[in-house]
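With the sequences and hints as input, model every part of the structure.
2 protein chains.
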Amino acid sequence: MKLLKDKIILEGVVVNSEILKVSSFLNHQLDVKLLDAIGDEFSKLFCKKNVTRILTIESSGIALACVVARKMNNVPVVFAKKNKSGNVPEDVYTTSIYSFTHNKSYDIIVSKNFLHKDDNVLIIDDFLAKGSALNGLIDIIKQSGANFVGAGIAIEKGFQDGGKKLREQGFQIESLVIIEKMDCCGNIFFKN
Amino acid sequence: MKLLKDKIILEGVVVNSEILKVSSFLNHQLDVKLLDAIGDEFSKLFCKKNVTRILTIESSGIALACVVARKMNNVPVVFAKKNKSGNVPEDVYTTSIYSFTHNKSYDIIVSKNFLHKDDNVLIIDDFLAKGSALNGLIDIIKQSGANFVGAGIAIEKGFQDGGKKLREQGFQIESLVIIEKMDCCGNIFFKN
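Protein chains in written order, with the working numbering: chain Y, 1296 to 1487; chain Z, 1296 to 1487.
You may find that some hints are simply not true.
Given that identical chains are not distinguished, each listed pair holds provided it fits within a single copy or across any two copies.
As the list claims (entries may be wrong) - EDC-like cross-link-like pairs, simulated, lysine to aspartate or glutamate; straight-line CA separation at most 16 Å:
| no. | residue 1 | residue 2 |
| --- | --- | --- |
| 1 | Lys1316 | Asp1386 |
| 2 | Lys1460 | Asp1478 |
| 3 | Lys1379 | Glu1353 |
| 4 | Lys1376 | Glu1353 |
| 5 | Lys1412 | Asp1434 |
Since the hints were derived computationally from the structure, they do not count as laboratory data.
Predicted model, so just to flag it, every value in this text is computed and none were measured.
Okay, here's the thing in structure tokens:
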């Protein structure tokens, strides 16, 4: 997606060869016009999947997921929450996610009321790297018995293997921008 | 706002006289059509304020803030983040917020890059009770030197004093629904 690629080139900050900061438009400050265009792309890519619910994870996926939902007949958005309490209530699905950024695991939860076995669930998220969050969300969909129709990702780090492994399993993973490499001079090389 | 009130009556769960759960449409699952209508209301209420930036706090305020931004010429949305690291980087504004729900304090941060002294900042959030989060966000706006033009809140707990105290200071605080009282039978009494 040219618009997103241009924005990354213009405003993205390469912290090191693995970390790209896009705080100015995607995960701290939000460029709602850009989000709208991203939502358009996702809704086209998954328009034939009869999506009934969109699943994401707090916080950065929420804005994107809502845009896509609006373009898909206002289907409900559900965002997985980080479980702060330590206790797991009976009425939730839960799974553990390892954060490579913060170097620790945390549990996410989704209420059983908001995912049903007759749902066709589309996952939307801002980043895909090693796939920990995405695999966690897929695990939650499996627990609910719903149908996972695919995932729409804004930026994939193609030099990490999360996307590759999931595509090998036959899942439709659509990343609008795939980064092949970032170098120590701050250059970003794109795959698509 | 009748639409929101009707939704609260239909789907809100009164946990006790102080806690109302609106997980099915506002802070776990999101009803994007309702959010759109809420956004319309806020944009009308603050249309004369020359808003240049919308500030909210992760996670539940994000979806609402984005809708309002879209209706206000796509002004940027900034969401304050909970500081998980314990360290405070130099390039952020920070303040401490006390969560009565979780009975503890936490720090929020906003990058200095995304709030400027010539900004007119509108705060959007889902709930207002004792006003801890809202006061924290106002404090961050003050630190940046920007102009706080007002706050749009979806649901205010009118039986707690956050809104009252802020209005006494002359701030424009617009709550679409104000709850006067909730009783042990699950009844909700509205003020507006």
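In rising order, the numbers of the hints this structure does not comply with: 2
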